[in-house]
Amino acid sequence: MDNAGAGHVPFCSSAPVSDRGEPREFAPEPACLRYECKDVRLDGRYSSRPLQFQIRALSRPALLVLADGTSFDGVALGIDGMAVGEVVFNTAMTGYQEILSDPSYARQIVTLTAPHIGNTGTTDVDLEADVVHATGLIVRDLPSVHSNFRATDSLEGFLAARGVVAIADIDTRALTRHLRDHGAQAGCLMAGPGCDVTTALAAAKEFPGLAGMDLAREVSCSAPYPWTAGSWTLGDDQAPPAPVTSAADAPHVVAMDFGVKKNILRLLVDRGCRVTVVPATTNADAIRALQPDGLFLSNGPGDPEPCVYAIRTIASLLEDRLPTFGICLGHQLLALASSAATIKMKFGHHGANHPVQECATGRVMITSQNHGFAVDADTLTESLAITHVSLFDGSLQGIRRVDVPAFGFQGHPEASPGPHDVQGLFDQFAELIAAHRSAA
Amino acid sequence: MPKRTDIDSVLIIGAGPIVIGQACEFDYSGAQACKALKEEGFRVILVNSNPATIMTDPAMADATYIEPIDWRVVERIIERERPAAVLPTMGGQTALNCALDLDREGVLEKYGVEMIGAKPDAIDMAEDRDRFRRAMDDIGLATPRAEIAHTMEEARAGLESIGFPCIIRPSFTMGGSGGGIAYNREEFEAIVARGLDLSRTNEIQLETSVLGWKEYEMEVVRDTADNVIIVCSIENLDPMGIHTGDSITVAPALTLTDKEYQIMRNASIDVLRKIGVETGGSNVQFSINPANGEMIIIEMNPRVSRSSALASKATGFPIARIAAKLAVGFTLDELGNEITGGKTPASFEPSIDYIVTKVPRFTFEKFPTADNRLTTQMKSVGEVMAIGRTFKESIQKALRGLEIGVSGFDEPPMPRGLADDATEEEFDTALERELREVRENRLWYVADALRRGWSRERVHEVTAIDPWFVNQLAEIIGDEQALRGRSLESVDAHQMRRLKRDGFADARLASVIGTDESAVRTRRHELGVRPVYKRVDSCAAEFATTTAYMYSTYEQVCESEPTDRDKIMVLGGGPNRIGQGIEFDYCCVHAALALREDGYETLMVNCNPETVSTDFDTSDRLYFEPLTLEDVLAIIDVEKPKGVIVQYGGQTPLKLARDLLAAGAPIIGTSPDSIDLAEDRERFQQLIEQLGLKQPPNRTARTEEQALSLAAEIGYPLVVRPSYVLGGRAMEICQSETELARYMREAVSVSNDSPVLLDRFLNDAIEVDVDAICDGTDVVIGGVMQHIEEAGIHSGDSACSLPPYSLDEAVIAELGEQVRAMAKGLGVIGLMNTQFALQADSSGGWTVYVLEVNPRASRTVPFVSKATGVPLARVAARVMAGMSLAEQGINDVAVPDFVSVKESVFPFAKFPGVDPVLGPEMKSTGEVMGTGRSFGEAFYKASLGASVEFPTSGTAFLSVRDQDKAGIVEVARRLSAAGFSLMATAGTERAVSAAGLKCKAVNKMQQGQPHVVDHIKNDEIHLVINTTDGRQAVADSYYIRQQALGRKIPYTTTLAGASAICAALTSGPDGPVYRLDDIHGDVASGAA
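These protein sequence lines map, in sequence, to chains A and B.
Our numbering puts the first residue of the first sequence at 207, with every later residue one more than the last.
Our numbering puts the first residue of the second sequence at 2, with every later residue one more than the last.
These are computed hints drawn from the structure, not numbers from a lab.
Remember, it's a predicted structure, so these values are computed and weren't measured experimentally.
It is possible that part of the hints are untrue.
As the list claims (entries may be wrong) - Which chain B residues face chain A? A few, computed with CB under 8 Å, are given here:
{"id": "1", "residue": "L255"}
{"id": "2", "residue": "L257"}
{"id": "3", "residue": "Q263"}
{"id": "4", "residue": "E350"}
{"id": "5", "residue": "R390"}
{"id": "6", "residue": "D467"}
{"id": "7", "residue": "E543"}
{"id": "8", "residue": "A545"}
{"id": "9", "residue": "E971"}
{"id": "10", "residue": "R974"}
What the hints assert, rightly or not - Residues on chain A that point at chain B, a partial pick, calculated with CB under 7 Å:
{"id": "11", "residue": "T297"}
{"id": "12", "residue": "V351"}
{"id": "13", "residue": "R379"}
{"id": "14", "residue": "A380"}
{"id": "15", "residue": "S437"}
{"id": "16", "residue": "Q563"}
{"id": "17", "residue": "C565"}
{"id": "18", "residue": "I572"}
{"id": "19", "residue": "V595"}
Note that CB positions come from ideal geometry on N, CA and C, so glycine has one too.
Model the full structure from these sequences, guided by the hints.
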């Protein structure tokens, strides 16, 4: 195994590997400085904005060991420590911050195949949840300077501040090919002094795997709360918009939070919905008490099968003919509540370039995907119709109840990151709600 | 929706000759389109005037026409072939404009031909700048504030609201032709006048400049069912203000957050829908304000483009191939993605796990008087692409692939206008100017500024290059600086690996450390630091692929998985430049295809993204790598080929031949020693003497004094040039000792290692090119081409005719015998090109002089192959692999019944101020071929193909040098007989009038007004014949040629050219059109 990455100090330095960042020898500037930069505006006037060049060095060792014994040496980003989880890869070329904060990545260590990660820094605006849910991050290169007018921090600062263990400078393509050929598997990331393969391998082997693991309950909110923000538009970073006040007669959507991404909630608000987010374990009667016009089943991590509490709730509410829309884990739960079964995939779908075909129209949409479990198409009951299939592997991507107004989508129509091609599903949900209300 | 069944045949229009802004990327797209439609069972009809294209090979289309791309000619083709549809989106702006002409002139309607791929209205909306703006307004996308003008007055009025700097863009042109950035009124008037003239619709747009904003491109594909995908995003390292073709660009976009990227993605899709691009690939260009993300749309191209070729190579997604299938009714989901072996559909967006960098290649050294500032009009002639796992690796690989004598961020020359003893402060100011005023080598000055301790902030402020890129460059330079003063031995394995991971070439490390490249390589190997090869798979390794499209990098796992088959490696030609372009790529492709057919595994190495050779389909395995010794040796190490072909890629691989051989590479074909024998004047002279042949008297000089004394021995005029050059670089004709002395002082740096060659120039000689193949035993003459211009004009710039139009059988046979003797004497295995000069002797016969011999593929190989129907490059590739001519059944190449003329195409219109006179240094960018029953017909078509249309009546202006006075009389007589009025300068007028022809005398410029240029400006002259010699005379007539060029008045600077024009006067655009199989008759048998 190549050991070159272990002490990623400037090659000119003969200093031993140390556990603190050393400035590159050639950096004449102070470690961090601000300066004013003029930008020509369309109307010819000038505006100024601060830009930031930060200098840092990567010099702490890090190690990734997979449960099958494969190991990679690299350098540490983020904090020193150890992280254990299922190692997966994501081929999206943009949106690392959205990915890291997506609750669906709970207990997963995510490898990003795009080689430079961190180019645009980070901003709280782009968080899909208030905390980073991925257990760890694996990248090929984290540039020492980020550049984007939206950035408020570097990715490294972000990882450190949020206590994330991460590794850089490894052959991420080799790792991805390994995962593709051998399937997603447990792994252990160690960062900082004292990295050691034996400990890491033991930890990786101890990881029980995601099958049978009910993670939705862990990442869900603990109490109901209203959501009032709409979608991000250019300019929001500088001056955040005021919360949306729903009209008194706005349709009320109750979103069951299995690890919901903020952008889902924003898209619901965009469509004029009053949104209440409730914990995953909320029972049907408690939801009925909120007098919902629609039920939303969120995305989330882990295996849907152990979420029997949610499946029971959903099945009960479906009997009310309440308009229901499920995304990802929510879609799988809708299937389970409709007596179908789910399966664990070899390495799942994780990317922002997956073509999905709408069966009724033949239309192809490029979607964001992030799932390791899927609805088993062979187990669909008569009450379920297939609405979407993946053009990559023919797997099932969307279902619809033929008897009640409910549908689910395996990919991520809320994107963030990824293409917006499937956002029409939110309109479809809004229409179902409207029809339901006018019929009532 | 499946394939359309209501159409059975499709006419594909090619892009014509290689010009700045339109290069071999359209051969790549056209060839893919032909293949794609043929495999779906369509009858494919093709028109392209460029013989050096793979798409015009006989097997590519069902009916191929090498004819001018002019709607009148294409109408004849439509009349004969009756295609059901025409596909105009594969041949660049040329094809699009031709299709619009066909539509406007009612040809499509008359013959019931449907335009597929893009409808006339969509093309019009995308290309008409005013309509485009309004369309963008409709969908809520911002465009730069702009004014449309059709006259100078309108333009001046528009300027009032736009202000300076003002960007001027003509409608319906490509490569930003005629456009530019005006900083003051004088520049404004000049650019507007040129732009109005060049626009097909006399329309220009004046735009507010968004200089310094970031520039992006999106490559988009849409199908009839309205499915849309983004194949690739491209970010320009150079901010707005520089034509994207001249910008350094990077894929994927690197400095956008997902939120911004999706805004751009959605906008791209909206644009395609609004413009109504029904099917196929389009390119949409955006500009973004780095301060607040504000986005404006710059333009869109409703066709495949140079960027789509780049995107195809960058991602592995074959845009043109897919676009062709979409045009005939398929939808994206019905098509497979070839690179994954069809395992995934074409309806996905490629994900890439590497960084691609494209760097343009310029040729300003050929046009020393051209303005080399980079603006919105494209000026580069080629490009190199490199793939690396990081930006640093990628850009450093790209730089060494450029072949401009740099191996990375080499130290640039002194900033312009700086004395040797300049102070530090003066230097700093001059450097800042190099960074602000963008010229072709700005990137190296950026690096140098960082090297000199400029802060990243200052570099960003001055250049507006994004801080992300500035920092990456700063880190490269930082590592370089830290390495300085170190010894090679002190670099350990870890450090060496880090440097190589960042893309440093062995040669660059050697120059920084102060050692030589081979020492670095040896040390690197000792340390066990070697590259691995990763695959381009369009999916970031998500799916397993079998396609072997590879690039080198320094990582842990190698994916090359070499086989143990017999392999032949073909080294390509690198970036296009004047003197080395598509002709060499054509040869490389043929070598790969032929040897693949013969059961070899073929390996292609090249770094030019525009080419067919870098299509992953062309060879079994493609290494997209710079053509440097380091990179080629590393591949040989891994693959262990049975043979390496170096004689097909032009000078690029030839330069490596010796070192490759020394490193043990199995070079097949003519040995490097034989190549050297042919290129080394002194050794070659011995051979010529041995064989009893003649050369013009010649000498080799290593100092100025030596040159002057040797020149006296052989006499003036002289052709002088440095040894080992291609394309006649720095080649001149010296009439006197003064001129020679100036040349030795100013034009070349002469030394022992690079001597200067002096050849006696043969006045009034006819130049002849002969291409031949030798297998060591037999020699087959492929074609004999008689130049139209006299000897002294570079063969690449000269028009030529196959068969010769004024030579007798005996002398042609004699040339053949001399070629045979030299081929055997040199030990040629493969192709050989010979240039002869024939001088009439007193007895009415010819004296034959050998000018030069090149034992390698020449620029004329594709032309000869197209004219004769015998695929020379294929035959010679098999010879190199060991199959004799006899075994191939090739004894002879029949002389065709048709005459084919090759004409050259020049970039002068792109370089205002450059004298369009021809000389021994090559200046043409491309060529066309015209074929006819007579020389005149062929020459007419070749000229029309080169966009020169001879007048059929009007006034011809004649002004010739003394030695041409006799010859001009015959020309004048023929012009007069054809109904032309004649006008001439005094001396010429006397000669013409003395012969009893009516001719009006006109003042030369220095004789006072009204003079000839006034007449040209008043549109009173329709044809210019102007020959000169001597530097002074050339300069005097410069304005005449400039005016003729600017006003698109046909002109010739040689008497032979004038005679050829006379021969062409009886032909017109409505003459017969010939299919390749008409020309080849029985010879062809579909073999080429």
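Consistency of the hints with the structure:
no.: 1; hint: L255; verdict: holds (5 Å)
no.: 2; hint: L257; verdict: holds (7 Å)
no.: 3; hint: Q263; verdict: holds (6 Å)
no.: 4; hint: E350; verdict: holds (4 Å)
no.: 5; hint: R390; verdict: holds (5 Å)
no.: 6; hint: D467; verdict: holds (5 Å)
no.: 7; hint: E543; verdict: holds (5 Å)
no.: 8; hint: A545; verdict: holds (7 Å)
no.: 9; hint: E971; verdict: violated (62 Å)
no.: 10; hint: R974; verdict: violated (63 Å)
no.: 11; hint: T297; verdict: holds (4 Å)
no.: 12; hint: V351; verdict: holds (4 Å)
no.: 13; hint: R379; verdict: holds (5 Å)
no.: 14; hint: A380; verdict: holds (4 Å)
no.: 15; hint: S437; verdict: violated (10 Å)
no.: 16; hint: Q563; verdict: holds (6 Å)
no.: 17; hint: C565; verdict: violated (12 Å)
no.: 18; hint: I572; verdict: holds (5 Å)
no.: 19; hint: V595; verdict: violated (10 Å)
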